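Taken in order, these protein sequences are the chains called A and B. Heads up: the first sequence at position 138 corresponds to 138 in our numbering, and the numbers run straight through without jumps. Adding 1000 to a residue's 1-based position in the second sequence gives its number in our numbering.
Worth flagging that the hints you see were computed from the coordinates, not collected in a lab. No experiment lies behind these values; they were computed from the predicted model shown. You may find that some hints are simply not true.
20 Å max Cα-Cα, derived EDC-like pairs, lysine to aspartate or glutamate [as the list claims (entries may be wrong)]: (1) B:K1428 to A:D58; (2) B:K1428 to A:E46; (3) A:K235 to A:E209; (4) B:K1140 to A:E46; (5) B:K1161 to A:E46.
Which chain A residues face chain B? A few, computed with CB under 8 Å, are given here [unchecked claim]: (6) L39; (7) A43; (8) T83; (9) R92; (10) L274.
Where a beta carbon is used, it is the ideal one built from N, C-alpha and C, also for glycine.
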Amino acid sequence: MWGYIVRRLLLGIPTLLGVTLIVFSLMHLAPGDPISAMLPPDAPQEVVQMIRQQMGFDRPLPVQYWLWLTRVAQGDLGRSIATRRPVIQDIRSALGNTLILALAAACLGFTLGGTLGSCAAFSRGRWTDKMFSAAAITGVSLPHYWVAILLIIIFSVELNWLPAMGMQSTGSVSAGWGEVARHMILPTIALALIPMGVITRMARASVLEILSQEFVMTLRAKGLWSRTITRHIVKNAAPPVLTLMGLQFGYLLGGSVLVETVFSWPGSGYLLNLAIFQRDFPVLQGTILVLASFFVMLNLLVDIVQSLVDPRIRRT
Amino acid sequence: MDGILRRYEAITRVSLGMLLVGVLVLILDGTAAIGATGKGGILRIGMTAADIAYTAGQPDQGFEGFRFVGYPLYDALVGWDLSQGERLPEIVSGLAESWEVDKSNVLKWQFKLRRGVKFHDGSAFNADAVIWNWDKIRNKEAAQYDPKQAGEIAFRITVIKEYRKIDDDTVEFTTTRPSSFVPFQVVYVLYSSPAQWEKVGRDWRAFAEKPSGTGPFKMTRIVPRERAEYEPNTEYWDKNRIPKTDKVILLPMPEVTTRLAALRTGQVDWIEVPPPDAIPVLRQANFQIFLRSYPHVWPYSLNLKVTPWDNKLVRQAANYAIDREGICKSLLNDTCTPATGVVYPGHPWFGNSKQLYQYDPKKAKELLKQAGYNGKRAKTSFLISTSGSGQMLPLPMNEYVQENLREVGIDVELIPIEWNALTALLRKGFVEDQAQTGAMNVSYNFVEPFSAFVRFFHSASVPPRSLNVMNYVNPEADRLIEAAEASFDPNVRDQTLGKLHELVMDEAPWIFVVHDLNPRAMSPKVKGFVQPQSWFVDLTLPWVEK
Chain A
1 MWGYIVRRLL
11 LGIPTLLGVT
21 LIVFSLMHLA
31 PGDPISAMLP
41 PDAPQEVVQM
51 IRQQMGFDRP
61 LPVQYWLWLT
71 RVAQGDLGRS
81 IATRRPVIQD
91 IRSALGNTLI
101 LALAAACLGF
111 TLGGTLGSCA
121 AFSRGRWTDK
131 MFSAAAITGV
141 SLPHYWVAIL
151 LIIIFSVELN
161 WLPAMGMQST
171 GSVSAGWGEV
181 ARHMILPTIA
191 LALIPMGVIT
201 RMARASVLEI
211 LSQEFVMTLR
221 AKGLWSRTIT
231 RHIVKNAAPP
241 VLTLMGLQFG
251 YLLGGSVLVE
261 TVFSWPGSGY
271 LLNLAIFQRD
281 FPVLQGTILV
291 LASFFVMLNL
301 LVDIVQSLVD
311 PRIRRT
Chain B
1001 MDGILRRYEA
1011 ITRVSLGMLL
1021 VGVLVLILDG
1031 TAAIGATGKG
1041 GILRIGMTAA
1051 DIAYTAGQPD
1061 QGFEGFRFVG
1071 YPLYDALVGW
1081 DLSQGERLPE
1091 IVSGLAESWE
1101 VDKSNVLKWQ
1111 FKLRRGVKFH
1121 DGSAFNADAV
1131 IWNWDKIRNK
1141 EAAQYDPKQA
1151 GEIAFRITVI
1161 KEYRKIDDDT
1171 VEFTTTRPSS
1181 FVPFQVVYVL
1191 YSSPAQWEKV
1201 GRDWRAFAEK
1211 PSGTGPFKMT
1221 RIVPRERAEY
1231 EPNTEYWDKN
1241 RIPKTDKVIL
1251 LPMPEVTTRL
1261 AALRTGQVDW
1271 IEVPPPDAIP
1281 VLRQANFQIF
1291 LRSYPHVWPY
1301 SLNLKVTPWD
1311 NKLVRQAANY
1321 AIDREGICKS
1331 LLNDTCTPAT
1341 GVVYPGHPWF
1351 GNSKQLYQYD
1361 PKKAKELLKQ
1371 AGYNGKRAKT
1381 SFLISTSGSG
1391 QMLPLPMNEY
1401 VQENLREVGI
1411 DVELIPIEWN
1421 ALTALLRKGF
1431 VEDQAQTGAM
1441 NVSYNFVEPF
1451 SAFVRFFHSA
1461 SVPPRSLNVM
1471 NYVNPEADRL
1481 IEAAEASFDP
1491 NVRDQTLGKL
1501 HELVMDEAPW
1511 IFVVHDLNPR
1521 AMSPKVKGFV
1531 QPQSWFVDLT
1541 LPWVEK
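Isolated chain A, as found in the complex (with noise of 0.2 Å):
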């Protein structure tokens, strides 16, 4: 076990330099750039020049990335352009609040999934499994935005009962964590949708599948216990299932960019747009590799209770 969790960490680091290098080349390549973001259009063209190469983007880019590349491997992801705040601390932060959010969207998207998909295979042709599937395809139809938008409107600005952006009370001086997680209510249900859609019509197929298969006939002939077999059935149903569900909570911890800036909500989402804007690059590239290490990791402790609840996967 100890062997495979070594390989697939060292298999990791490829896929995180790719990842790095990609983005690294996409920001390079796309029109705009940083000094344009952080000054004003007709700043000297002295200054420009000095700033420029103060913060070294008068390299040529391998130089660039090689530079950024080696404090990386010190542990130092720089300062934003934009902010001159240490990356670290900007994702720190960020991520944390990301995290919550995508803890809660998770539980309430993967649970409803989970649950609504099974109910519609066991109910296969029935009213119930044709209300579950058409509830999974409104879930990863309706966009983020516009269903963000429509809870602003409906329970904050009619009904009153939610607040509408932020994290805290505009007029509080620290957040406690009731005020937190009525902010987080609508935040949350927008998130949890698309997961929600995902993971029912995943969950409904795989159950489906095994449903059919022969040793499910074999073990109702012999008179188990029906909710012995619900438990053969689900176990194994799952593997696909939490493949899934590792990357959903990957896409969620992503932050949905739309989400968070509806909603005002100071995540990795809401920080990666604003470096996109700004062209900072320090900033972006930094997320972007934290978040790819979690995305590794989240697919390595995925497959590690795959193969917990089905040993063949160990094997091969």
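We have chain A; now place chain B onto it with these hints.
This is chain B only, laid out in the frame that chain A set:
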């Protein structure tokens, strides 16, 4: 007898009525007086920026940075009078009590500093602090030199060549040429505390987290991308400008629907730039809407080196073809006014131009015919942004203009690009890949003569030096700009700038479209706010009713 009684009754009724009106006037006047002296409350502001501007001194984020961070936390030697909205704000004394140009050598300006002013950390403001701050943005050898702050301010203080201390209360500036624009340049230089910089370990980033200026507000808290909190500086040197609120909270909200929802749910008291189509609903719900002309213009900077814009008649035709009233009414819900020049009518630099560019498609077609486009259509392309600071609603507005121009015989291809990419191209002008592009659509401010005219219409301002992207070279324009700068009589200077404006309107190196009216929406609880004809506001004036 009856007649006398009726007359008596009538006189009595009139007298009672007048008495009642008098009492009502007194009551209302009293209420107004009470209102004018009210104070307190927490003022929460939803800004359009996505993050709090740089708080160490010279702010970033352009004039929004000055509005919410620069001027509330810091002072300049001179300031703007933002206490009224009827006239353009005037330059008033700030950290300098008085200033004058040396009559025998007009290159030298002396500023007498205000005595007894303290930074928020308690250290004294004096001539040494002034020189230290100029070294911060000018002297690359100085320990406190901050390239970021230097980059933000350098283009605004081009005329100042040297600075020196005369005594503890006097500093002298030497200019590169005779220039009456000096007060308009030093108004942007803000003074950070040298003592605080030492205290936080000579680090501008650390200073930005615990800033210390001399401004009417002190920053008490900052959470990146979330909020900044200010409390009144009760020791402020100008006792008339001690803030009336107990606290100001700035909240970055780049998304317009979020700002609107936050205002309607009572999470903020004030939002910048509400969506134009929401303004009638906000008015119905008793929110206060503030609209007023201010130095903003939304034009197309034309590439004068390519056809069809190398022909003045075509440029004038395009200006006659735009239905500016239609844009303001149908698209922007009266949140703008038509622009027929750089500045708006009534502005001291407007002049008396004959070219007032009313919507006149017939005249536009006639001018095109004179320019040689008889039965032939002109073709061009406009580089536009999809969003951006001061760009209003760029896509629908550009489509509207495209349709207007199509109707008179000018076919425009719109090339939308992202805001950052557009500003990067603006720096270079119409060169390389953009050499054949017809125009760029970027909105501008015109707060003072340099930002209104020099950077756009002087031949020395062609990129990369400044923003004359049009390559507009006219010796008469250069002469008028230089004459205005060299004129130390404000009336003569304004008249000269008026003549320059007439010339610019006639030559039309821009297609002038609209002036924004700077919309703001506020809760009815916000009192005492004044919307000046400015990009800046005085945050010391409003308070929030509890």
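Evaluation of the provided hints:
1. For the hint pairing B:K1428 with A:D58, the CA-to-CA distance comes to about 17 Å; that is within 20 Å, so the pair holds.
2. In summary, the hint linking B:K1428 to A:E46 is supported, as the alpha carbons are separated by about 14 Å, within the 20 Å threshold.
3. At roughly 13 Å between alpha-carbon atoms, A:K235 and A:E209 fall within 20 Å of each other, so this suggested pair holds.
4. For the hint pairing B:K1140 with A:E46, the CA-to-CA distance comes to about 12 Å; that is within 20 Å, so the pair holds.
5. Our distance criterion of 20 Å between C-alpha atoms is met by B:K1161 and A:E46, whose separation comes to about 16 Å.
6. Here the hint on A:L39 is kept, as its CB sits about 4 Å from the closest CB of chain B, short of 8 Å.
7. Evaluation of the A:A43 hint against chain B yields a held restraint, the C-beta minimum of about 5 Å falling below 8 Å.
8. Among the interface hints, the one on A:T83 holds; its C-beta lies about 7 Å from the nearest C-beta in chain B, closer than the 8 Å criterion.
9. The restraint placing A:R92 at the interface with chain B is violated, with a minimum CB-CB distance near 11 Å, outside the 8 Å limit.
10. At its closest, the beta carbon of A:L274 sits 5 Å from a beta carbon of chain B; the interface hint therefore holds under the 8 Å criterion.
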